[in-house]
Amino acid sequence: MAIPAIGSNSALGGAGVSAPNTSARVRFLRTLFSSKKATAGLVIILVISFVAAFPGLLTHDDPNAAIYGIEQGPSLQHLLGTTLVGQDVFCQLIYGTRLTLVIVVVVSVIATLLSMIIGITAAYLGGLADRSLSLLTDIFLIIPTLPLLIVLAFYLPSGASTMILVLCLTSWAFQARQLRSQGLSLRSRDFLASARVRGERPLYIVLVEIVPTMTSLLAASFLGVAVYVVGFAAGLQFLGLGNSSELTWGTLLYQAQANDALISGNVWWELSPGLAVALLGAGFALLNYAFDEIGNPALRPARRRRDRSAS
Amino acid sequence: MVQSTTPAPGGTGLDSGEPLLRTVDLTRHFRLGGFRSRNMLHAVDSFSMTIGEREIVAVVGESGSGKTTVARLLTMIYPPTRGTIYYRGRAVNHLHSRRDILWYRGEVPLVFQDPYSAMNPVFRVSHGVMRSLKLHRPELDRAGRQREAQRVFDTVGLSPDMLAKFPYEMSGGQRQRVGFAQALAVQPRLILADEPVSMLDVSIRAGVLNMMARLREEEGVSLLYITHDLASARYVADRIIVMYAGHQVETGPADAVLSQPRHPYTQLLLSAAPDPREEPVDIPADSGEPPRVINPSEGCRFAPRCPLAIGVCASVTPELSKMGPAHEAACHVAAEDVERGRPVHRAFSSSPVAGASQSSALPTSETSGPQGRAPVG
Amino acid sequence: MTDPLLEVKDLTVDYQAEYADVRALDHVSLSVAPGEFLGVVGESGCGKSTMLFAIAQLLSPPAVLIGGSVRFTGKDMVRLTEAELRHMRWRDYAVVMQSAMNALNPMKTVAAQFADAIRAHAKMTGKEIRNRSAEVLRLVGIDPAHLDSYPHQLSGGMRQRTMIAMALLFTPQLVLMDEPTSALDVVAQRALMRQIKELQVQLGFAVIFVTHDMSVVSHYSDRVMVMYAGQTAEVGGTRRMFTSPLHPYTRGLMDAFPSIRGNRRELTGIPGSPPDLGHLPSGCRFMPRCPDAMPECAARSPEMFAVDEAQVRCLLYDGQAHQGRIGETA
Chain A
1 MAIPAIGSNS ALGGAGVSAP NTSARVRFLR TLFSSKKATA GLVIILVISF VAAFPGLLTH
61 DDPNAAIYGI EQGPSLQHLL GTTLVGQDVF CQLIYGTRLT LVIVVVVSVI ATLLSMIIGI
121 TAAYLGGLAD RSLSLLTDIF LIIPTLPLLI VLAFYLPSGA STMILVLCLT SWAFQARQLR
181 SQGLSLRSRD FLASARVRGE RPLYIVLVEI VPTMTSLLAA SFLGVAVYVV GFAAGLQFLG
241 LGNSSELTWG TLLYQAQAND ALISGNVWWE LSPGLAVALL GAGFALLNYA FDEIGNPALR
301 PARRRRDRSA S
Chain S
1 MVQSTTPAPG GTGLDSGEPL LRTVDLTRHF RLGGFRSRNM LHAVDSFSMT IGEREIVAVV
61 GESGSGKTTV ARLLTMIYPP TRGTIYYRGR AVNHLHSRRD ILWYRGEVPL VFQDPYSAMN
121 PVFRVSHGVM RSLKLHRPEL DRAGRQREAQ RVFDTVGLSP DMLAKFPYEM SGGQRQRVGF
181 AQALAVQPRL ILADEPVSML DVSIRAGVLN MMARLREEEG VSLLYITHDL ASARYVADRI
241 IVMYAGHQVE TGPADAVLSQ PRHPYTQLLL SAAPDPREEP VDIPADSGEP PRVINPSEGC
301 RFAPRCPLAI GVCASVTPEL SKMGPAHEAA CHVAAEDVER GRPVHRAFSS SPVAGASQSS
361 ALPTSETSGP QGRAPVG
Chain P
1 MTDPLLEVKD LTVDYQAEYA DVRALDHVSL SVAPGEFLGV VGESGCGKST MLFAIAQLLS
61 PPAVLIGGSV RFTGKDMVRL TEAELRHMRW RDYAVVMQSA MNALNPMKTV AAQFADAIRA
121 HAKMTGKEIR NRSAEVLRLV GIDPAHLDSY PHQLSGGMRQ RTMIAMALLF TPQLVLMDEP
181 TSALDVVAQR ALMRQIKELQ VQLGFAVIFV THDMSVVSHY SDRVMVMYAG QTAEVGGTRR
241 MFTSPLHPYT RGLMDAFPSI RGNRRELTGI PGSPPDLGHL PSGCRFMPRC PDAMPECAAR
301 SPEMFAVDEA QVRCLLYDGQ AHQGRIGETA
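Residue numbers (the working numbering), protein chains in the order written: chain A, 1 to 311; chain S, 1 to 377; chain P, 1 to 330.
Among these hints, one or two may not hold up.
Partial list, derived from the structure: chain S residues whose beta carbon lies under 10 angstroms from chain P [what the hints assert, rightly or not]:
no. : residue
1   : S63
2   : I77
3   : S171
4   : G207
5   : A231
6   : D255
7   : L268
8   : L269
Read the hints as simulated data drawn from the structure, not as lab findings.
Quick reminder that beta carbons are idealized off the backbone N, C-alpha and C, glycines included.
So that you can see chain A by itself, here it is in the shape it has in the complex (with noise of 0.2 angstroms):
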């Protein structure tokens, strides 16, 4: 038998339980400093970032400059050492990392706004609209991810402007189908039809009263795609499918592969940028899962505490 949800605050809604004077905004950012997950994921994000925007500031080599000796190990001058022709090692990742976020976010924000607009006016308008975009979104969520990469990658120039048409291309779907089984169960709520019937036209009701009651889930879907993203492109360039001029993560793990960095003992050659990755991917699930908790506080760690006794 399904017990209602006696802890939500639903029962207290009537007393008008509240923090005093706070908005939502602020009682939800409280919540997401508050919760460890978040601040890890944040911490992660924020340092990568300042990584990606001054390069300059924590390594003074050039990356490209292969005029080190070769293969060394880490050292004190190379801290993860250098590469087969001589490249400082930390140096590439550090400037590599600017246009791996660039690809992870400029594909989440795309494949976000793809998904949302599709999902949102496919549930809004319903009927033929509906069923036509929903058999878009299928078609696009059953074609097998991997083997479309690989033979679009093939064909398409290499480099991260195909990476990042390919990764939109098969990354909007999914969140399509989650947005619009949101906008259908909104479908239901008073306000849309009220916001109807005091004369709004389809468009402003989609974008000012839909969109906005789904920041939260938006911003978990983004976040989801990044983690998404993050793994696959450094696949796909793992794999030789980047363009190895460009300097990634993923084309670093590359050319390490490629000079059987692993074998001839290089190890941090081959180890650093895949770490890096994990760690990136990491911030963002980190991140993900803290959002989960704020829009369901069901899933919130419960907090042991001790009974007090009776004043």
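Take the given structure of chain A and dock chains S and P to it, following the hints.
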């Protein structure tokens, strides 16, 4: 109070004696199942009524009676299957142009049942009011809109500083007042209120009901009050329309309908409505089952539950017939009683006479209850 | 004087929120005699549902039972282990939820759900389960053929009655009901209340019936308990409470009912709204809305005072203070 003076485009206006709102044979069916399905849900059938200026009319019925569908039809959320809605003399159910639709929406707003669900949780409560003003009062500038928002809040009994609050910060009663404020902002002639107090605590309802009566007095608006609660209908309404299974079964002045209910269903509702101050009344066992409104056949839809049903009730759908001044009911038995000039049958007693659960079909005069109602001849 | 079937003392429940804990239930006590029908009435947020769940040991975080005792059939349920509770659940006491659609599984037939409930608490053969299920359905006036129906195939009234039938599978001594009629229409509500009362008289179980609408219980309960802002405001016999309510809040609630048959008069309701449980006023919680408030109501939080068989939490009935009040202007 400033009344909307926009003349009805293409209409005759109210000078010709036309009531504010008039529906003729309003009908709405829904197809159940897919395209080819033959199952039609008869939500509303042949609903004809009028509302005049400064009048409060209550439409009373249980869920499934069609009262909510009537509200939705009147706000043009969907078109009727048959029939016409005349507003200020002009047929409005087939309006197409944005200008026309906006005009109608600015004259006949709707207040929703669930005060929390009717507001977007992301915005402050002023949002709906401001948007209504922006859409329907283009003559106002920003400052003018601000003033108007404060004025309508004041009219519904909310202090202007509540405009900045979010829905979750307000109580149910306050939110419902915001709903009325939003309706008032457009300077309407007729407010449609769909069960506005059903989701509020009993102690809060009085305040909102009083406010509704005040709106009629001070703002000069008419109200269509849709509810399942007869007691509150009696409290605010001038006239009551009782609906059952998509049909109107009784209509007339509030006091007349409640003191001399002619239709057995009205009598049942009256007897079942609990009044905590009275002794309990014994009513005959009634299954309380909702009627069949999918592909219904001819005949009175209340007949299966009616202790007074006679042969013709199952085959001929009763029409509204006169029971008294401005008082009509759709019941073969009651119509016959009136025609023959004898006391009208009473299917369900609502007066607490000891043990007198009258379910026989013998004519009985009305018993006088503790409030001393005189028997009706 | 028979021993009470259920005795609740000083039940206290907190909602543990981010900033501070909110006391949803503050030292609430009640007792129910065997076979008694107790109505619990109050506005939303007064804590009546919380109390019901606390008694049934069904609270989940962030609601936490802070203190108090719930003595039922000689045992303190607060101190029992989950295994012991499970043994008592459904056999000795049962709970009927507010909305059948929340509690009934839409994917299973009625028979399957009854069987689940039976199997969880007893060992019976398939045939015995079927027979018992048919028997309880008949008890509530539903054709046993509906055992094979799905919940959505039944009407609202029938679904609620199915819930009640499910609660009666083991003929418990106590049935806790949380607004089981609020989703129903007036006529169905009346029929259901009547049914509950008949069953209660027939099978002899006690009922705690929580509702926000006192008219629903007015004709069926033996005693009524009015709650306000997490506390009991008044407890007493039903008839007396309706004819001469003691607490100003109860009086206000009575006055809020538009009369169907009596004289039409202006309703006042109760101005204002219940207090924010996180920011309670000092002194009496009802004082800000009370038409009979005295100066000391702001300073002193009243305890329950006895007035004949009833009890009321209001300084107007404080014996000593009352003495001093005679002769003063109100």
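In ascending order, which of the hints set out earlier in this document are inconsistent with the structure? Hint 2 is the one this structure does not satisfy, whereas the remaining hints hold.
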